[in-house]
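Engineer: Letter by letter, the chains look like this.
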Amino acid sequence: MVNGEGRAFDGDLRTTLLDFLREHLDLTGTKKGCDQGQCGACTVLVNGTRINSCLSLAVMHVGDEVTTIEGIGTAADLHPLQQCFLEHDGFQCGYCTPGQICSALGALDELRRGVPSHVTAELETSVSPTPAEMRERMSGNICRCGAYSNIQDAITQFVGEAR
Amino acid sequence: MLFDQPAAGNPIDNGTVVGRPVLRIDGPLKVSGAARYAFERNDAVTNPAYGFVLGAGVAKGRVRAIDAAATRAAPGVLAVVTTLDHAPLSRADLSAAMLFGGDMIEHYHQAIAVVVAETFEQARAASRLLKVDYEREDGRFVLAAEAGNAKPAPDRENGGPDAPDVDRVGDFEAAFQQAAVTIDSTYTTPHESHAQMEPHATVAAWEGDRLTVWTANQMVNWAIRDLPRALSMGQDKVRVVSPYIGGGFGAKLFIRSDVVLAALAAKAAGRPVKLALQRALIFNNGTHRSATIQRVRLAARADGVLTGISHRGLSGNLPLGGAEMATSQTKILYAAPNREIGMTLAAMDLPESNFMRAPGEAPGLMALEVAMDEMAEKLGMDPVEFRVLNDTRVDPHNPSRPFSERHLVECLRTGAARFGWSARRSRPGERREGRWLVGMGVASGIRNAIAMRSGARVRLEASGGLIVETDMTDIGTGTYTIVAQTAAEMLGLTAAEVEVRLGDSNFPRAAGSGGQWGAANATSGVFAACVALRDAIADRLGFPRDRCEFIGGTVRSGNEVVPLQEAARGGGLTGEDSIEFGDLEKRYQQSTFAAQFAEVGVDAFTGEVRLRRMLCVCDVGRILNPATARSQVIGGMTMGLGAALIEELAVDPRRGFFVNHDMAGYEVPVHADIPHLDVVLLDHPDALASPMKAKGIGELGLCGAAPAIANAVYNATGLRVRDYPITLEKHLHALPALALL
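Chains A and B, in that order, give the protein sequences. The opening residue of the first sequence carries number 1 in UniProt numbering; numbering runs sequentially from there. The opening residue of the second sequence carries number 1 in UniProt numbering; numbering runs sequentially from there.
Calculated from the structure, these hints are not laboratory results. A hint or two may mislead.
What the hints assert, rightly or not - In silico contact screen, one side only, chain A against chain B (beta carbon under 7 Å); selected entries:
hint : residue
1    : F9
2    : G33
3    : F85
4    : D89
5    : F91
6    : C93
7    : G94
8    : M138
9    : G146
To be verified - Taking CB as the label site, the calculated pair distances span:
hint : chain 1 : residue 1 : chain 2 : residue 2 : range
10   : A       : H118      : B       : T494      : 44 to 50 Å
11   : A       : E122      : B       : A347      : 44 to 50 Å
12   : B       : R156      : A       : H118      : 35 to 41 Å
13   : B       : G553      : A       : V115      : 51 to 57 Å
14   : A       : A76       : B       : R20       : 19 to 25 Å
15   : A       : E5        : B       : A462      : 36 to 42 Å
16   : B       : E566      : A       : P131      : 48 to 54 Å
To be verified - Which bits of chain A does chain B cover? Going by a derived footprint, with three or more residues having C-beta under 8 Å, they are:
hint : region
17   : 13–19
18   : 62–70
19   : 110–116
20   : 149–160
Just so you know, these numbers come straight off a predicted model, no measurement behind them. All residues carry an ideal CB built from backbone N, CA and C; glycine is no exception.
Okay, chain A solo, but in the shape it has when bound (with noise of 0.2 Å):
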């Protein structure tokens, strides 16, 4: 399943998730930067976890329910997130959004569910999406244009909106 529809998937076995996804299914919003898992441009969200799928292949998702930017929102109806980037510019050349946007979401369903990061202090109480717990686990989304302060504002008047 992708963004909702069955998708078939009857390619060359090496092709990784993110190949079959830009170049299969023409999703092609899902960015190649690095097909190293380096740059977090292809961030995808499968079953809900944040993934980079130029690292997985796409006969490893039989099953699964993979979310690429396209089923988050469009860009005549974004989702919140998406809205709150394009009002804070939190972009510039815009070929690492879709993932940052994806990599955000991810992240903070990781902080629902308790997942401590490198800077969590407290392992016991809840995990709550301060600047500093986003900062970190952004850092697999790399912006060479430099827009991070903007899209942790971004993060941070969603995380608000959403309380």
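Starting from the known structure of chain A, arrange chain B on it as the hints suggest.
Structural biologist: What follows is chain B alone, placed relative to chain A:
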């Protein structure tokens, strides 16, 4: 439109749309993933094949033979094109490296073959079956070792064709010997990579003898000049399309191997071909910023007035390449009666070095602005006051040439007040918060405004819509939005009512994106086209051209008010023009200025440096859009943190390549490195720079950012590291003693 007199009042001054923080008009497409970048043009071509590029495994030498038999026989392979199949393609202007063709290897990962197959997986697998026989030669890979062979690199960009080897004023050596206080320091900056997120990528398709490339290129006007020449084609047979670009920072100024390989591969395969340079190729196949070795000597009176400035530098490049002009900005940043400033260039066999964001200033200020910090300390002066004292109102090398606008002192004073600079301890290593040594630093930034011809076409449709077309690009800078704002202001509309089409060589030639010249020149070109359209509208309506106002979707003249779309009822109207510049740039030094303030914490036990807060105050002429302008600045500050603390392309001195050629080995700033960044944009429109009274901001945010951080690190630790990046092992040896304080 010739711009050769100071701009008078014009509709842009109204500030109804221009100067407002209009949200990016391309933003909804980008945050939803709907903007299609070069490799993604499945909407434009059908049934493309995939190309996979092979880079040379030696840094210098010759390809004796390439055995492609197994590759050609591999599943799905449609074509193999090797460098031995072609004569060397002609180099792009301002480019040093040969992109493809011939048997000579000039640098590691030079493209030597492209494999075309039905699928990406097949092309990748088949490329590994290529057997290449090299004749390997030794090369020159270490900059310091080549210092003795370096040649002068005159500053022709600023000094013209007769620029001297060294720009001299007065007698620096005498001033240095007689000075009450002197500084003599040498700094090294490493090779750096643009590391833009979107790889170089192209889709190429032939229709008969006509070629279209959908590619990622900052300068469509250069690409449409250089690509046909490389392929020995007429310019009218080639179309270059580049509407969305996933970052460039200079990496995509020139046609690179991706576009010529895609074109040759598509021809060989008889199919459209799409290819992207694999990430692991980009660092050595593409361009980078050269390492530099810089010596700064300063001479001052006891009261802090500079009497002499010497800034000499060395960088390296392939034999046909230029220097990283790290000393040029030193000619105009501070006053001093005795000066000697110049670069030298060593021929080397590393990959091509070429322009990267703020070429020259970025590494140059990493030396000069630290030397200024060292001098201020030696003088016992506050670093802000020391800079204010040595400000200049004129070009120190040509005092009859004033600055058009220069508000560096206001930047420094505004920044000092806002940042709480007075809390800085003048003696380093004295502020301690738990395990953190805390320090503050300041640096000036300067980057010139470059005037370039730029054209646009603006069409009022019979339906009432307004369309702007120009081959200008948006590399994340916000071009779509500021172009819409400009046209909207000129025609009395809102930005949302303007459709902007960019990055197509079928559109009028524009300045392109580079050197922070894009915004001011491209919008000035749109301004010129809008003036032409306004005249056409006035003529159509029978209004006097010079007594028309365009407000709120109407055209007004005297008591008459006509809806704008009324003018196009009898058929659409078009205005097309270019902005061209006279000699104001020669008569006035036109620059942008910044004051950067940083506060860092240095872990007293590990030496780890953390940026705690940072402020940049900018003086750049008119701000066209404060939201996108601010983004440019924080992006520069972020890249400055990388330059100060993180980034370095590591050279293998035996094999001659950059070892850390991927996004994990070449570390760049990540979220965790960057706190909230603060930006102040001063409002000083520059009527001498352009009709928009704007100058550019895209590179200024990087200028001075790294040295402000370096100075803050010194203020925290008391140990001066002059070898960038300031990684922890460079000062850790001194910290245990400090930590006991």
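Engineer: Provide an ascending list of the numbers of those earlier hints which the structure does not satisfy.
Structural biologist: Hints 1, 11, 12 and 19 contradicted; others consistent.
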